[in-house]
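Engineer: Using the sequences and the hints given, assemble the complete structure.
Residue numbers (this note's numbering), protein chains in the order written: chain A, 268 to 567; chain B, 6 to 325.
No lab work stands behind these hints: they were computed from the structure. Some clues are possibly wrong.
[As the list claims (entries may be wrong)] Below 30 Å or equal to it, Euclidean Cα-Cα: the simulated BS3-like pairs (lysine-lysine) are: (1) A:K463 to A:K559; (2) A:K563 to A:K463; (3) B:K12 to A:K379; (4) A:K463 to A:K356; (5) A:K424 to A:K559; (6) A:K463 to A:K383; (7) A:K565 to B:K235; (8) B:K12 to A:K383; (9) A:K565 to A:K383; (10) A:K463 to B:K12; (11) A:K565 to A:K379; (12) A:K559 to A:K356.
[Stated by the list, open to error] So the derived label-pair ranges between C-beta atoms look like this: (13) B:W90 to A:S412: 46 to 56 Å; (14) A:K424 to B:W90: 54 to 64 Å; (15) A:F477 to B:P54: 38 to 48 Å; (16) A:A460 to B:E220: 24 to 34 Å; (17) A:K563 to B:R149: 14 to 24 Å; (18) B:W90 to A:N555: 53 to 63 Å.
Even for Gly, the Cβ is constructed at its ideal location relative to N, Cα and C.
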Amino acid sequence: MADVITRLDPTSRAAARGFSDMTIRNLFIIPTIVFLIVFNVFPLIYSLWTAFTDYRASTAAAANFVGLANFRELLSDPDIWRNFTITAKYVVITVTGQVIVGFGLAMLLNRKIPLKGLITTLLLLPMMLSPAVVGLFWKLLYDPSFGIINYFLGLGKFEWLAQPQMALWAVALVDIWMWSPFVMLLSLAGLSAVPKHLYEAAEIDRAGPFYTFFRITLPLVAPILMIAIIFRTMEAFKTFDHAYILSTQPTTELIAIRLYKMAFLEWQTGMSSAFAYIVLIVVVAITNIYVKYLNKAKAR
Amino acid sequence: MAEVKTKGEVIVNRAAIVAVMLALVVMLTPILWITATAFKPRNLATTVPPTVMFEPTLSPFAKLFTKRSQLREPVEQEVYDAAPWWEQLVFDGGEQVVRNKKTGEATPSGFGGRYLNSLIVSIVSTVLAVSMGTITAYGFSRFRVPGEQDWLFFILSTRMLPPIVVAIPMFLMYRAVGLYDTHIGLIILYTAFNLSFAVWIMKGFIDEIPREYEEAALVDGYTRLQAFFKIVLPEALTGIAATAVFCFITAWNEYAFALMMTSRNAQTAPPYIPSQVGSGLSDWTVIASGTFLFLLPVAIFTFLLRNHLLRGMSFGAIRK
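Structural biologist: Below, the structure is given as structure tokens:
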């Protein structure tokens with residue numbers, strides 16, 4: 268019998284008419300679990316099998332079991348390691364940028380400002396938009412001949428996306444533009460939760476602004492900021508949409524883009540399943556850390 | 006923050022307001038620019054220096070929805086006057102509508118259908134995810150579930166899976182059962198994706214509803230189901246609405262699954278709009294008008310949702 272908050276009196280009329288609490292609990296929960304298992308876990312089990320084969324979805328040839336060959340080939344392929352390096356660089360650039368811009372904006376907004384609510388909502392707009400479509404219209408902004416970025420910065424015909432050295436930064440800048448508002452949103456929540464009396468006490472003690480910031484503001488916002496950082500790290504690691512649309516250079520080939528090309532353009536189904544599993548292990552590891560912090564924040 | 010007192014603090018405060026305004030301009034320029042481009046005549050879209058002041062026209066929107074070809078020479082005044090307003094707009098854009106040779110009917114472009122697909126897939130998957138999510142959240146909120154934390158972690162972890170990792174086996178399975186490039190196929194994927202989110206957010210909302218309400222109802226002779234439908238659901242309505250809007254936006258914006266799991270029939274707008282850049286003459290005003298129509302619902306929803314954004318973006322962990 269499920270241990271519920273209010274047990275129905277088993278002899279009451281209501282108990283006789285309705286389902287038992289345990290039936291309702293099962294009816295409410297099990298379909299969702301089954302649905303997620305069928306459409307998320309089962310496919311992963313299926314691809315675990317294909318990861319050990321040389322299957323190609325573009326041909327009718329049957330899959331041959333090849334053992335660990337796919338994994339061996341992937342892990343010894345310098346190109347794959349290059350994809351990982353690019354992605355790591357991308358994660359560091361975007362998350363750092365987002366924390367600086369997002370936290371900076373939150374510090375600026377954390378005071379009496381006319382129309383603060385409206386301004387905050389407007390600043391949050393970029394993170395709600397479709398990343399693919401955002402990537403598309405940044406293409407217009409980045410255009411070397413008529414893009415407004417070159418015009419306003421006076422850069423002439425600067426090739427943002429076609430220069431191997433610059434392209435990753437250009438793609439990262441779009442990510443920073445989109446997701447700094449997210450860091451700002453969480454930081455604002457953290458800042459508004461700092462008790463005012465701490466600042467008053469600091470003022471009485473004649474603490475300087477730097478001391479106040481590093482000893483009061485930052486430590487108290489840190490837990491929420493950490494959630495933002497881990498979440499963005501995880502998402503940046505998976506980045507596909509806008510990067511795929513903006514990417515023209517091998518230097519911007521993030522893991523997700525490589526994986527997509529391997530699976531759906533080169534049709535190396537078996538190999539890409541193995542690759543997907545390597546990616547999955549990294550994602551699950553970051554997710555674990557993330558959920559730990561989420562629960563910590565909830566407990567507060 | 007502490008009340009502004011000294012002269013120095015007044016200056017700091019003013020400087021902060023100026024900085025915020027500057028940031029606002031920088032952050033919004035990309036969105037404003039694509040919006041402006043959507044209303045420009047084609048010859049002003051890619052000028053150097055950029056055209057800021059112009060007479061807005063709806064001709065990019067007329068071109069967006071029709072299949073058309075370049076006008077060789079200006080159209081005759083009589084033909085122009087006899088044409089319906091949307092065709093006149095296409096003429097204004099220097100192009101003509103492609104008509105079926107037999108029936109004489111105008112040929113629509115692919116955009117309308119893709120936009121409709123986006124609506125169908127997003128709405129249906131949202132309804133499914135939110136209704137399943139709400140009852141599951143209630144189950145987790147009110148009853149003791151063995152291994153509750155583990156199940157909740159499992160549910161959240163499905164959300165964190167990279168779409169491409171799921172898409173490879175799903176593609177093979179969908180191809181085998183004929184769900185590739187169907188609305189149902191995409192709806193299932195989006196429902197699964199949003200379901201975990203809906204459970205987490207709705208659990209937060211339902212946790213906040215005092216249990217005493219239901220207990221009172223149960224004492225009054227309601228069954229558990231009646232108490233759920235008549236007491237809990239009405240109380241959770243704001244939460245349900247906010248969750249639904251979040252799910253809708255997620256499905257509406259989704260690109261990777263749509264790119265890999267559809268090609269024509271069920272293709273949604275996000276993979277379609279970028280594919281138009283490379284095809285033939287790339288007309289930025291038309292792409293911008295499609296982008297504008299696609300982003301507009303999300304912008305409106307963001308304003309409706311403004312008080313729930315924090316909660317939604319943190320999976321219900323931070324509630325302010």
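Engineer: Straight-line Cα separation of K565 (chain A) and K379 (chain A) no greater than 30 Å?
Structural biologist: Given pair K565 (chain A), K379 (chain A) holds - Cα atoms ~28 Å apart, limit 30 Å.
Engineer: K565 (chain A) and K235 (chain B) were given as a pair; does the straight-line alpha-carbon distance stay at or below 30 Å?
Structural biologist: holds, 29 Å
Engineer: Starting from K565 (chain A), check that the Cα of K383 (chain A) is at most 30 Å away, please.
Structural biologist: OK: K565 (chain A) and K383 (chain A) at ~27 Å, within 30 Å.
Engineer: Is the hinted pair K424 (chain A) and K559 (chain A) satisfied, with a Cα-Cα distance of at most 30 Å?
Structural biologist: Violated: K424 (chain A) and K559 (chain A) sit about 48 Å apart, past 30 Å.
Engineer: Between the alpha carbons of K559 (chain A) and K356 (chain A), is the straight-line distance 30 Å or under?
Structural biologist: holds, 25 Å
Engineer: Given a hint of 53 to 63 Å, does the C-beta separation of W90 (chain B) and N555 (chain A) actually sit inside it?
Structural biologist: holds, 58 Å
Engineer: Do the alpha carbons of K463 (chain A) and K383 (chain A) lie within 30 Å of each other, as the hint requires?
Structural biologist: Holds, at roughly 19 Å.
Engineer: Taken at face value, is the distance from the CA of K559 (chain A) to the CA of K463 (chain A) at most 30 Å?
Structural biologist: Holds - the C-alpha atoms of K559 (chain A) and K463 (chain A) are around 28 Å apart, at most 30 Å.
Engineer: Could you say whether the range 38 to 48 Å given as a hint is met by the Cβ separation of F477 (chain A) and P54 (chain B)?
Structural biologist: holds, 43 Å
Engineer: For the pair supplied as a hint, K12 (chain B) and K383 (chain A), is the alpha-carbon distance within the 30 Å limit?
Structural biologist: Measuring from Cα to Cα gives roughly 22 Å; hence the hint holds.
Engineer: Take the C-alpha atoms of K463 (chain A) and K12 (chain B), compute the straight-line distance between them, and say whether it is at most 30 Å.
Structural biologist: Status holds; Cα separation ~21 Å.
Engineer: Decide if the proposed pair is consistent with the structure: K463 (chain A) and K356 (chain A), CA atoms, cutoff 30 Å inclusive.
Structural biologist: With Cα atoms ~39 Å apart, K463 (chain A) and K356 (chain A) exceed 30 Å; violated.
The structure does not agree with the numbered hints 4, 5, 13 and 14 stated previously, though it agrees with the rest.
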